[in-house]
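**Student:** As given, the protein sequences belong to chains L and V, one line each in that order. Residue numbers for the first sequence follow numbering that gives the first Met the number 0, beginning at 0 and rising by one. Residue numbers for the second sequence follow numbering that gives the first Met the number 0, beginning at 0 and rising by one.
Think of the hints as simulated: they come from the structure by calculation, not from any bench. Careful, some of the hints might be misleading.
As the list claims (entries may be wrong) - Calculated lysine to aspartate or glutamate pairs in the EDC-like style (CA-CA distance at most 20 Å, straight line):
#1 V/Lys55 with L/Asp139
#2 L/Lys182 with L/Asp126
#3 V/Lys57 with L/Glu250
#4 V/Lys55 with L/Glu100
#5 L/Lys143 with V/Glu51
#6 L/Lys371 with L/Glu185
#7 L/Lys41 with V/Asp119
#8 V/Lys53 with L/Asp302
#9 V/Lys57 with L/Asp126
#10 L/Lys143 with V/Asp119
#11 V/Lys53 with L/Glu185
#12 L/Lys286 with L/Glu362
#13 L/Lys41 with V/Glu51
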Amino acid sequence: MAAAISIEGIGKRFRLYHERPDSLKERVIHFRVKAEELWALKHVSVDVAEGETLGLIGPNGSGKTTLLKIVAGILRPTEGRVTTRGRIAALLALAAGFHPELTGRENVYLNASILGLSRREIDRRFDDIVAFAELEEFVDNQVKFYSSGMYVRLGFAVAVHVDPAILLVDEVLAVGDIAFQAKCLERIRAFQQEGRTIVFVTHAPDLVLRVCDRVVLLDHGAIVDEGEPRQVVRDFRRLMSRQSVAYGWDEGTKEIEIVSAEIFGPDGSGSEIFAPGDELVIQMDLKASTAVEDPIISFALHDENNTFVFGTNSGWRIGPIAFTEGKYRAQFVLRSLPFVEGRYYVTLGVHSRDSKRVYHLQEQRYAFDVIKGEENPGVLFIPVECKVERL
Amino acid sequence: MATSTYPPERAAPHPAPAPIVRTSEPPRFHLVGRIRELARTREILGNLVRKEVKVKYKSSVLGVAWSMLNPILYLAVFTLVFSVVLPASVPNFPVYLLSGLLAWNLFATSLSLASRSIVDNANLVTKVYFPREILPLASEGSALVDFALQGVVLAVFMAALRYSFVGANLLLLPLAMFALLVFTAALAFWVSALNVRYRDTQHLLGLALLAWFWLTPVVYPGGLVYRKLALGHHPWLFKLFLLNPMADIVFGFQRALYAHVQPRGAAQAVLIPVSVGWLALVLGAVSVGSLVLLWLAWRTFFHLSGDFAEEL
Numbered sequence: 000m001a002a003a004i005s006i007e008g009i010g011k012r013f014r015l016y017h018e019r020p021d022s023l024k025e026r027v028i029h030f031r032v033k034a035e036e037l038w039a040l041k042h043v044s045v046d047v048a049e050g051e052t053l054g055l056i057g058p059n060g061s062g063k064t065t066l067l068k069i070v071a072g073i074l075r076p077t078e079g080r081v082t083t084r085g086r087i088a089a090l091l092a093l094a095a096g097f098h099p100e101l102t103g104r105e106n107v108y109l110n111a112s113i114l115g116l117s118r119r120e121i122d123r124r125f126d127d128i129v130a131f132a133e134l135e136e137f138v139d140n141q142v143k144f145y146s147s148g149m150y151v152r153l154g155f156a157v158a159v160h161v162d163p164a165i166l167l168v169d170e171v172l173a174v175g176d177i178a179f180q181a182k183c184l185e186r187i188r189a190f191q192q193e194g195r196t197i198v199f200v201t202h203a204p205d206l207v208l209r210v211c212d213r214v215v216l217l218d219h220g221a222i223v224d225e226g227e228p229r230q231v232v233r234d235f236r237r238l239m240s241r242q243s244v245a246y247g248w249d250e251g252t253k254e255i256e257i258v259s260a261e262i263f264g265p266d267g268s269g270s271e272i273f274a275p276g277d278e279l280v281i282q283m284d285l286k287a288s289t290a291v292e293d294p295i296i297s298f299a300l301h302d303e304n305n306t307f308v309f310g311t312n313s314g315w316r317i318g319p320i321a322f323t324e325g326k327y328r329a330q331f332v333l334r335s336l337p338f339v340e341g342r343y344y345v346t347l348g349v350h351s352r353d354s355k356r357v358y359h360l361q362e363q364r365y366a367f368d369v370i371k372g373e374e375n376p377g378v379l380f381i382p383v384e385c386k387v388e389r390l
Numbered sequence: 000m001a002t003s004t005y006p007p008e009r010a011a012p013h014p015a016p017a018p019i020v021r022t023s024e025p026p027r028f029h030l031v032g033r034i035r036e037l038a039r040t041r042e043i044l045g046n047l048v049r050k051e052v053k054v055k056y057k058s059s060v061l062g063v064a065w066s067m068l069n070p071i072l073y074l075a076v077f078t079l080v081f082s083v084v085l086p087a088s089v090p091n092f093p094v095y096l097l098s099g100l101l102a103w104n105l106f107a108t109s110l111s112l113a114s115r116s117i118v119d120n121a122n123l124v125t126k127v128y129f130p131r132e133i134l135p136l137a138s139e140g141s142a143l144v145d146f147a148l149q150g151v152v153l154a155v156f157m158a159a160l161r162y163s164f165v166g167a168n169l170l171l172l173p174l175a176m177f178a179l180l181v182f183t184a185a186l187a188f189w190v191s192a193l194n195v196r197y198r199d200t201q202h203l204l205g206l207a208l209l210a211w212f213w214l215t216p217v218v219y220p221g222g223l224v225y226r227k228l229a230l231g232h233h234p235w236l237f238k239l240f241l242l243n244p245m246a247d248i249v250f251g252f253q254r255a256l257y258a259h260v261q262p263r264g265a266a267q268a269v270l271i272p273v274s275v276g277w278l279a280l281v282l283g284a285v286s287v288g289s290l291v292l293l294w295l296a297w298r299t300f301f302h303l304s305g306d307f308a309e310e311l
């Protein structure tokens, strides 16, 4: 079966003007315009099968939005070509071409026609579009009197009713209220069930894991990883943490040193992504350079708002220990993660019982993510057994 | 621990009766391919023209009537000024003026609208694919609607005056119209694309159009230019004058509608005293030149249009 989208050797060159001449005058004054060439994309090839949902992730400026725009046809590639089979709708085109002076009805017709529907097709769908946007009463009002929420709803309603075989999504889910966002996500899932092809650009790794079949990781305009979502998201995390030096510091007298630490899941492999209720193991390899009486090994978890959510230590769990010079391994086994969603930062420490002497402290040097499935709504996870029996 | 239910169970791939296969635009300009693409998306062109016209008259009580009031006012004022106040050097001056002005207005309005067309529709260009050519063409289209409305006014006025046509002259009308449309489209492509990078194109255009207007015999009689230049000391100056395509096109319109080179009551020829065949030949040459120009302008437009979304 032919791919729904076939991207062959795409390259896109931009010219960056140091002093962008917006007028001829400037051009004449500066005589010559210094233009620097920048390849936003280079040798990018990927096929998207019919019915597949492909996620595009990458740091800012990695070229993912440029690639999406090339697939959409908004930008012309400098090299290579993209072939698409089936009508494309881009959710980045929400409300594109809406004119404030025109009524909702007129805008629906204009917008849908630009998105590729014929007049007859729009006639047939018009009532559904208006019903989906919940704007029955206002459809003959000028759009300039709409609230921004109404505006977005109408735009989204048209976009999803274009009946595209291929849907391009670029983080528009950040708009609208929560109920509407849920509706959008529901609609994306319905699209998947109908076997349509979706390309999804996002910064949110949890969305990628929830929605995508396959993920492409872009960095500096090239594909650096491609494949199964969990794997690629993990690589993405790694890429991002290499780039960010914002968090985590290291201090201590190093009489006992944390040589290495690892977080792994129930299967024993290193992991940064967990589901609610998963078992999580924090393992630390320690090296004592001298004998230490009564050291305490501890860990703490902070959430994204830097709220301290949980912590414990060896002193409370197993009582006093003593180290002589040599290597040790410490493990904290968290039986069942109570979190449903979010990123958590792990602080590890080895210190004296009164905490006055810090041997080694690694402040928020490690992190893991918890991603909920739809069977775990709410704010915390409670292990539940469910029974139904006939009496 | 139950695994996540995503991705959900899939149905059979969405059945698409005849998938629209689209290949990204090649880096090279291909005229036939572009024309085919425009033909495929002609419905968008129609809708954009409709939008321009609607937006222009939205929230106005008189609406489309405003387009007609402009030429009506011209007719009223010039009839008064030239037929009553001043002695008539050009009989039926309003007919003479409007027959040329109609063509000029189509040209000038198209270019003014086209120069802003890409910039003003940034939110379309940066978000949706459609052939970018549609935007300047829609500008010309909406100017064409104005042209038609003003044409109706002129026709009614001429009918009321029982103004007579000369059959053979009328044949020049389609030829002049064709040359006008092609020439205007070529310049519309240029100004719309240039204005994306150099915003002062639109201001420069305003000045250029003003100068151009007075180099074109719309208000003053072409016959006068002919006497001063062709029969004067420097006949080559008249040839230079004819190099202005708008002058030739306006000559064509005037000859077709005003019809009489030297109407009754005129002391001297109002229109240039050349044969219809000669004028047709000139208009043919202008048409061919405009087609070449259109090809060149379209090519430039195409190359620049690949990055419009980035430059806006």
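**Student:** So, for every hint listed, does it hold in this structure?
**Tutor:** Here is how each hint holds up against the structure:
1. V/Lys55 with L/Asp139: holds, 18 Å
2. L/Lys182 with L/Asp126: This hinted pair holds, its Cα atoms lying about 18 Å apart.
3. V/Lys57 with L/Glu250: Not OK: V/Lys57 and L/Glu250 at ~69 Å, beyond 20 Å, violated.
4. V/Lys55 with L/Glu100: At roughly 9 Å apart (the allowed maximum being 20 Å), L/Glu100 and V/Lys55 satisfy the hint.
5. L/Lys143 with V/Glu51: Given that 20 Å is the threshold and the Cα spacing comes to 16 Å, the pair holds.
6. L/Lys371 with L/Glu185: Holds, because 16 Å separates the two Cα atoms, which is no more than 20 Å.
7. L/Lys41 with V/Asp119: Violated. L/Lys41 to V/Asp119 sits at ~31 Å, over the 20 Å cutoff.
8. V/Lys53 with L/Asp302: violated, 54 Å
9. V/Lys57 with L/Asp126: Distance of about 24 Å is beyond 20 Å: violated.
10. L/Lys143 with V/Asp119: holds, 17 Å
11. V/Lys53 with L/Glu185: Not satisfied, since the Cα-Cα distance of roughly 36 Å exceeds 20 Å.
12. L/Lys286 with L/Glu362: OK: L/Lys286 and L/Glu362 at ~18 Å, within 20 Å.
13. L/Lys41 with V/Glu51: violated, 40 Å
Checked against the numbered hints given earlier, this structure breaks hints 3, 7, 8, 9, 11, 13; the rest are met.
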